[in-house]
Amino acid sequence: ELKVEQNPLFLSMQEGKNYTIYCNYSTTSDRLYWYRQDPGKSLESLFVLLSNGAVKQEGRLMASLDTKARLSTLHITAAVHDLSATYFCAVEGGKSGGSNYKLTFGKGTLLTVNP
Amino acid sequence: DVKVTQSSRYLVKRTGEKVFLECVQDMDHENMFWYRQDPGLGLRLIYFSYDVKMKEKGDIPEGYSVSREKKERFSLILESASTNQTSMYLCASSEAGANEKLFFGSGTQLSVL
Chain E
1 ELKVEQNPLF
11 LSMQEGKNYT
21 IYCNYSTTSD
31 RLYWYRQDPG
41 KSLESLFVLL
51 SNGAVKQEGR
61 LMASLDTKAR
71 LSTLHITAAV
81 HDLSATYFCA
91 VEGGKSGGSN
101 YKLTFGKGTL
111 LTVNP
Chain Z
116 DVKVTQSSRY
126 LVKRTGEKVF
136 LECVQDMDHE
146 NMFWYRQDPG
156 LGLRLIYFSY
166 DVKMKEKGDI
176 PEGYSVSREK
186 KERFSLILES
196 ASTNQTSMYL
206 CASSEAGANE
216 KLFFGSGTQL
226 SVL
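Protein sequence lines, in the order shown, are assigned to chains E and Z.
Once you know that position 27 of the first sequence is 27 in the numbering used here, the rest is easy, because the numbers rise by one and skip nothing.
So the number in the numbering used here is just where the residue sits in the second sequence, counting from 1, plus 115.
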């Protein structure tokens, strides 16, 4: 059974600081996704990581994937208040049937960036 | 702009009622999904569908059924609503093939009294 664990689950940071959110998963997978959810809103895709060593960056966020360690990181550089949200990682759990892919989500990391 | 539309933002139902949650996507996506989101538990997959009239159970299908009669529409049915089904329900869709990131609807907050 695929398990996805994120840590920390709660993160309070000062503006301008750096921090990393970790996502560990229990079985082999080649695809990992990061999503963002603003309060009261739905989830929005941030990154899709497709292979070992993949690195994606957008603005102050950078995501990486190490499939051998079964670990992905989401690094936040010089945090700003607008980054306050809940961040989820999701791992592809395998193929079933025609062309569908099931995702298993972590519990999410609630990030609060304080002025 | 891609769009996944859930018919209701908030719903209040009574225990034992039959509840229908509707989801429509306009992206011609093959795959559609129903998740529920609960505080501290993250998102859990209830059912998914990879084609019209095709469905597969997710991690927590008990107490739910689904219907996909047309490609663009995926319905979640609570046959007899119970209080433990009070939750935020999220519909999502994705393309077939590789790199299928999910596009989510805005969610339906269901309260069962």
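Heads up, a few of these hints could be off.
Keeping only pairs whose Cα atoms sit at most 20 Å apart, straight-line, the calculated EDC-like set for lysine to aspartate or glutamate is [what the hints assert, rightly or not]: (1) E:K107 to Z:E194; (2) Z:K172 to Z:E184; (3) Z:K172 to E:E92; (4) Z:K118 to Z:E145; (5) Z:K186 to Z:D153; (6) Z:K216 to E:E15; (7) Z:K185 to Z:E137; (8) Z:K128 to Z:D174; (9) Z:K216 to E:D30; (10) Z:K118 to E:D30.
To be clear, the hints were calculated from the coordinates, so they are not data collected in a lab.
Indices of hints not satisfied (ascending)
Numbers 1, 5, 6, 8, 10, in rising order.
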